[in-house]
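Peer 1: Kindly produce the complete structure, drawing on both the sequences and the hints.
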Amino acid sequence: VLCITVHLLACFWYLVASLHGDDYTETWLARRRVDSTGMTLVDADAATQWIHAMHFVLTVFATVGFGDIWPVTNTEIGYVLALMIIGAVLNSMLVSSVIRTITSID
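Heads up, the sequence shown is in the numbering used here, so the first residue is 177 and it goes up one at a time.
Please note: incorrect hints may appear among the correct ones.
Simulated restraints, written as ranges between beta carbons of each label pair [unchecked claim]: (1) 226 with 281: 36 to 46 Å; (2) 266 with 215: 31 to 41 Å; (3) 183 with 281: 25 to 35 Å.
Worth flagging that the hints you see were computed from the coordinates, not collected in a lab. Glycine is no exception: its CB is placed at the ideal position from the N, C-alpha and C atoms.
Peer 2: In structure tokens:
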């Protein structure tokens, strides 16, 4: 369930940037460099875009992020706010499940 949730949220994170159409230069896709030549995620293949989106969602879920990818547009900021809330809820569900399992062992 967690892997599917993270995958879907990563796809939506990519979608938030791609919906900017021709004005994508301020999105995370245009700001994220993927190699030493300066190539951005906009020009990268789909697998590279997906792995960077997954990396972002997992760091938001597990921590407060590394600061290597950040939201700038209002749409991105709104999405990340929702993502942080979803991450907090999923983390609390996971921790409560582990606690329930440990306490049920007799």
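Peer 1: Of all the hints given earlier, name the ones this structure violates by number, lowest first.
Peer 2: Going through the list in order, the structure violates no hint and respects every one.
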